[in-house]
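Protein chains: 2
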Amino acid sequence: MMNDERSEALQLFLRILRPMEVTIFPLRDFPLINPGDDLGAILIKELQKIDLIDGDIIVIAHTIVSKAENKVYNLREITPSSFAKQIGELQDKDPRKVEVVLRESREIIRMNERVLISETKHGFICANSGVDKSNTPGETVIALPDDPDLSAQRIRNRILSELGKTVAIIISDTFGRPFRVGTVNVAIGVAGINPVEDLRGRFDLFGYEMQSTIVAKADEVSTAAGLVMGQADEGTPVIIVRGVKYSHVEASVGVLNRDPDTDVFR
Amino acid sequence: MMNDERSEALQLFLRILRPMEVTIFPLRDFPLINPGDDLGAILIKELQKIDLIDGDIIVIAHTIVSKAENKVYNLREITPSSFAKQIGELQDKDPRKVEVVLRESREIIRMNERVLISETKHGFICANSGVDKSNTPGETVIALPDDPDLSAQRIRNRILSELGKTVAIIISDTFGRPFRVGTVNVAIGVAGINPVEDLRGRFDLFGYEMQSTIVAKADEVSTAAGLVMGQADEGTPVIIVRGVKYSHVEASVGVLNRDPDTDVFR
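These protein sequences, in sequence, are chains A and B.
The numbering of the first sequence is the numbering used here, which starts it at 1290 and goes up by one.
The numbering of the second sequence is the numbering used here, which starts it at 1290 and goes up by one.
No wet-lab data here; the hints were simulated from the structure.
Check before you lean on any hint, since a few could be wrong.
[Said to hold, decoys possible] Label pairs and their computed distance ranges (CB to CB):
(1) Thr1551(B) <-> Val1553(A): 18 to 28 Å
(2) Ile1397(A) <-> Pro1549(B): 16 to 26 Å
(3) Arg1555(B) <-> Pro1324(A): 36 to 46 Å
(4) Pro1549(A) <-> Pro1549(B): 46 to 56 Å
(5) Asp1327(B) <-> Asp1327(A): 52 to 62 Å
(6) Val1553(B) <-> Asn1363(A): 24 to 34 Å
(7) Ser1450(A) <-> Ser1450(B): 36 to 46 Å
(8) Glu1378(B) <-> Ile1342(A): 26 to 36 Å
(9) Asp1327(A) <-> Asp1436(B): 48 to 58 Å
(10) Ser1450(A) <-> Asp1327(B): 26 to 36 Å
Note that CB positions come from ideal geometry on N, CA and C, so glycine has one too.
Excised from the complex, chain A in its bound form (with noise of 0.2 Å):
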């Protein structure tokens, strides 16, 4: 990566040749991480590695802040309810891990021999309340953290103390769709960026007043750095997405959960 003068330069030089321009790129080599690490502080080194500007969008993939975190489980020592047992009987799945999705939920959506889509304790409603086995060593699963704003509040407190920049943080995870095929990218915490941009009001190219356009904007954010996070062997967890503007009014990543009440696909 390029992290001199001549590099800051030639970025200034870029941004005015190419004023609507987002970039996107990764911290490459980022080290892996293990339960219990301290993630600001292993952030804060490898960011020192780049040229991070203000208003740069750190994405960060939420298995790393989990396991930061402790959100684990060893499902040696996890005991089964009979309820659990009964879903792992219907859909061929290990009983332990199926009571661990039951634990990180608040309510099951829909159900049958294939899927589980349950509404987690944050209120994301995603496939085994986003509990995943892939990425893990041994007989563990990662969870999603207990308070992702939190944990991306408290690292952008500290990226603003100790490299005095004023960054955005989303936390990120890869969700399924209802009606259409494939994951991608999007947000479960987010600190410094308002998580929807709404356009109600602003006038379009013909001067009429839009009615009814919310953007879902920490989403479009998180898929657009799921391009360069991968999925598989590459190890990429963290993402740098510079040029978008956004709003930094502080709200809580729940403005992207619909109101249950008026969701019809509830």
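Dock chain B against the given chain A, drawing on the hints supplied.
Chain B in isolation, oriented as in the chain A frame:
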């Protein structure tokens, strides 16, 4: 924009320094498209102003494709059915617009006094069959192109024959999502890019074979382009996404639509 030799050298320099970087930038000052315009010719003229390179993905807002293809309905020529009138009354909407929505749909998926979610003739599930009033002058509405893959393929072929560049084309629209607030750009037509990337069979960081990850690559790219495309008065309907690794295997955008028979949200 940069379009001389210095700019090409600079691009090359950056690509060597940051091989995993993705950049997203608009075709600036893209002309307004009117019904019947030769979009391919206009696009090629604009692309000659930038340093287009092999592998670039060009994301095009469906509105300009629809306009060029005359998929614009003049509401003065629409006679609403009694069903359209009923819905119009329920939702306090112009029954002629509802009539167009119904004509563009194959099936109503959910409906109440606020929303009409339908399956389009192409198999997409979205609000109002993708029919939109915004950004259209006068009493007209814009629908989705009849065959967006074909529209994309024609543009791609023309760029190959006239500019000698092998690119991918994605035609995009902004869709709302079940469970999550806000819209994001998704792919509704593709050429030269496999809309999905199948990671099953690859191995994760710890050597576990991945079981279920299919990435919605064309949606990832579309959503990323949405960061620059903007929604309101900015008028940047054509976005270049550069540096994304993708499969050139030809497949219809329809592979992004879940099989209705196994979709738990139908």
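Hint check results:
1. About 21 Å separates the C-beta atoms of Thr1551(B) and Val1553(A), a value consistent with the hinted range of 18 to 28 Å.
2. In this structure, Ile1397(A) and Pro1549(B) meet the distance hint of 16 to 26 Å, their C-beta atoms being roughly 22 Å apart.
3. Range check, Arg1555(B) to Pro1324(A): about 40 Å between beta-carbon atoms, so the 36 to 46 Å window is met.
4. A hinted range of 46 to 56 Å is violated for the C-beta pair Pro1549(A) and Pro1549(B), which are about 25 Å apart.
5. Between Asp1327(B) and Asp1327(A) the beta carbons are some 59 Å apart, a value that agrees with the proposed interval 52 to 62 Å.
6. In this structure the supplied range 24 to 34 Å holds for Val1553(B) paired with Asn1363(A), their Cβ-Cβ distance being about 30 Å.
7. Separated by about 57 Å at the C-beta atoms, Ser1450(A) and Ser1450(B) break the suggested range of 36 to 46 Å.
8. For the pair Glu1378(B) and Ile1342(A), the beta carbons lie near 54 Å from each other, so the given range of 26 to 36 Å is not met.
9. A hinted range of 48 to 58 Å for the beta carbons of Asp1327(A) and Asp1436(B) is consistent with their spacing of about 54 Å.
10. A hinted range of 26 to 36 Å is violated for the C-beta pair Ser1450(A) and Asp1327(B), which are about 56 Å apart.
The structure does not agree with the numbered hints 4, 7, 8 and 10 stated previously, though it agrees with the rest.
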